[in-house]
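A.B. asks: In order, the protein sequence lines correspond to chains V and R.
Under our numbering, the first residue of the first sequence is numbered 1, with each subsequent residue one higher.
Under our numbering, the first residue of the second sequence is numbered 1, with each subsequent residue one higher.
Do not rely on the hints blindly, as some may be mistaken.
[As the list claims (entries may be wrong)] Here are the simulated EDC-like pairs of lysine to aspartate or glutamate, each with C-alpha atoms no more than 16 Å apart in a straight line:
#1 Lys428/V <-> Glu244/V
#2 Lys428/V <-> Asp225/V
#3 Lys287/V <-> Asp245/V
#4 Lys9/R <-> Asp430/V
#5 Lys9/R <-> Asp225/V
#6 Lys287/V <-> Glu244/V
For the record, the hints were derived by calculation from the structure and aren't laboratory data.
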Amino acid sequence: MEIFDHLALGFSVAFTFQNLFYCFIGVLLGTLIGVLPGLGPVPTIAMLLPITFGLPPVSALIMLAGIYYGAQYGGSTTAILINLPGESSSVVTAIDGYQMARQGRAGAALATAALGSFFAGSVATFLLAVFAPPLAEIALKFGPPEYFSLMVLGLVASVSLASGSVVKALAMVVLGILLGLSGQDVYTGTPRFTFDIVELADGIEFVALAMGLFGLVEIIRNLEDEHTRTVMVQKVQGLMLSKEDFKRIIAPVLRGTILGSFLGILPGGGAMLSSFASYSVEKRVSKYPQQFGKGAIEGVAGPESANNAGAQTSFIPMLTLGIPSNPVMALMIGALIIQGIVPGPNVVNEQPNLFWGIIASMWIGNFMLVVLNLPLIGIWVRLLTVPYHILFPLIIGFCCIGVYSVNNNVYDVYAMAAFGVFGYLLVKLDCEPAPLLLGFIIGPMLEEYLRRAMLISRGDPSVFVTRPLSAVMLGIAVLALTLVLLPSVRKKREEAFKE
Amino acid sequence: MGRFVRSPKDVVTGLLLIFLGAWFAWLGSDLPIGRAIRMGPGYFPLVLCGILAALGLIILLTGLAFGGDAEADEDARRIAIPWQGLALITLSVVVFGLAVRPLGLGPAMGLAVFISAAASRRFSLRSGALMAAIMVAFAWAVFIKGLGLPLPMLGPWLGGY
Chain V
1 MEIFDHLALG FSVAFTFQNL FYCFIGVLLG TLIGVLPGLG PVPTIAMLLP ITFGLPPVSA
61 LIMLAGIYYG AQYGGSTTAI LINLPGESSS VVTAIDGYQM ARQGRAGAAL ATAALGSFFA
121 GSVATFLLAV FAPPLAEIAL KFGPPEYFSL MVLGLVASVS LASGSVVKAL AMVVLGILLG
181 LSGQDVYTGT PRFTFDIVEL ADGIEFVALA MGLFGLVEII RNLEDEHTRT VMVQKVQGLM
241 LSKEDFKRII APVLRGTILG SFLGILPGGG AMLSSFASYS VEKRVSKYPQ QFGKGAIEGV
301 AGPESANNAG AQTSFIPMLT LGIPSNPVMA LMIGALIIQG IVPGPNVVNE QPNLFWGIIA
361 SMWIGNFMLV VLNLPLIGIW VRLLTVPYHI LFPLIIGFCC IGVYSVNNNV YDVYAMAAFG
421 VFGYLLVKLD CEPAPLLLGF IIGPMLEEYL RRAMLISRGD PSVFVTRPLS AVMLGIAVLA
481 LTLVLLPSVR KKREEAFKE
Chain R
1 MGRFVRSPKD VVTGLLLIFL GAWFAWLGSD LPIGRAIRMG PGYFPLVLCG ILAALGLIIL
61 LTGLAFGGDA EADEDARRIA IPWQGLALIT LSVVVFGLAV RPLGLGPAMG LAVFISAAAS
121 RRFSLRSGAL MAAIMVAFAW AVFIKGLGLP LPMLGPWLGG Y
């Protein structure tokens, strides 16, 4: 079996001392920021991007990936213990998890979350290992028109699955693409949108945009409502599950894993959508739906498995097609580009060390998380007592030095400040900045494939619909868009997100 | 708002997007457009500007015609915009940018942390200064000693290099 050779290669990469170390740092940091409300994986990864310059690509990606899935674990801990979801993906965990904790079953809830996550993480990583290479194989046969259509499909799908107004999200994508085109034109070297400032000749710095839109905006939003965080921690005891508990969680964990693995692959999917979907499924199929909201163990097992599975499989489109399905994956692509690696289907074949090393590290990382989380819960909870007014100036400090050190360019610092203000304005207008970031990353690639496709077709735009694969992808994109814009579906969708 | 404007938020969003579309089109107005077969650097941006303005127009019109989510709008209005926080956070980052070259990393970092700390209602001079000092020491230990970033702690104005 070829896959075992690949995995052996992956483990040999991941088990080097350096990579184990960075994997550990990643999951540790991930758990930390997962526990701390108001600091999510996106700003953290954006802050750490500059630090990864000096690392080999494998170590850098292993660490950043660890932060992402580590945050899913940490977020659920605080959701269960103090009804404060550290991450958006653990919002639903708080519903039943906190009730369990109030009934003195915090230990059981935490163990369920950890075991479910571990199981789901392992399965999803296996799926990633099995399905990613063939997918990359198919993608290698794509020409420029197919790539263009694939990217359009990716952007449209991420927009239609996101919450909020579809039209606004689309506008944010387009704005992101425009901003992404700034800097020198690839073909002619003509500077675009640089305001004749030499320092902006290379375009808007990705790190500055990401930190401004996510790091600074998050801080300003948190300043809107400064309340005292009272921490009432329930005593944790009995981490062992009873036989009956165990029986009750098997099916939800399995369902959550399948659901999460599938939704994670979809653009716009990932951890949050998976956990919400899993909760509503569990509620519907449960034999005791009246227990939901009052401490049903299924309400913890399903969503926790789903969010971890989704976090893991969202790496599939990123690693095989070079297309980000959520902002975290956009940052990963940014990290690859910084390292001089062109994201896309070639990564699997040209960088087998990187590809298989990351996959193997996810297994190791998930294992580390179980070990890290269950015995150390007391320490994590104590971290919650760090008040936010101490925390955020330090984050500002990190953002400043981080963005400056990318190019030693003060204009990047100013750009970050500007995007902070602009991002806050967008948030106030109910425009989510996440689609903007996706557009920014995909923009330059989109333009390049469009130009190449038109060159090949001699300026005939019908090439996108006469090549079958491209036509199918564009068709799905149009279908998805009309579906979410139809009034009846729109209503249902809004209800689903409210739940 | 007048009775013709149902959702002020959407109207503002629409106007903003139309303005941005026009602004980017104006910025790129001297870029060669080329033809579809061999697109110039101005082709794709111009198309995007058109789409952006069109989407802005849709949002503007729906904002004039439909109410949007009145309940959520009401909730949002109750949250006061933290002008002071917004200004101080932005100022701290800009000050860092202004100071890092002439004064060096140490003072720039200290200033940025101190100014941003003042954005909180629970700010006190002592805690702000303490945090700034901790962060400066941390930046020195991690970024300069640990990661070896080529940044001087003290800039030329303070006797550094």
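A.B. asks: For each hint, tell me whether it holds in the structure or not.
C.D. replies: Checked hints:
| no. | hint | verdict |
| --- | --- | --- |
| 1 | Lys428/V <-> Glu244/V | violated, 48 Å |
| 2 | Lys428/V <-> Asp225/V | holds, 14 Å |
| 3 | Lys287/V <-> Asp245/V | holds, 14 Å |
| 4 | Lys9/R <-> Asp430/V | holds, 8 Å |
| 5 | Lys9/R <-> Asp225/V | violated, 21 Å |
| 6 | Lys287/V <-> Glu244/V | holds, 14 Å |
Checked against the numbered hints listed earlier, the structure breaks hints 1 and 5; every other hint is satisfied.
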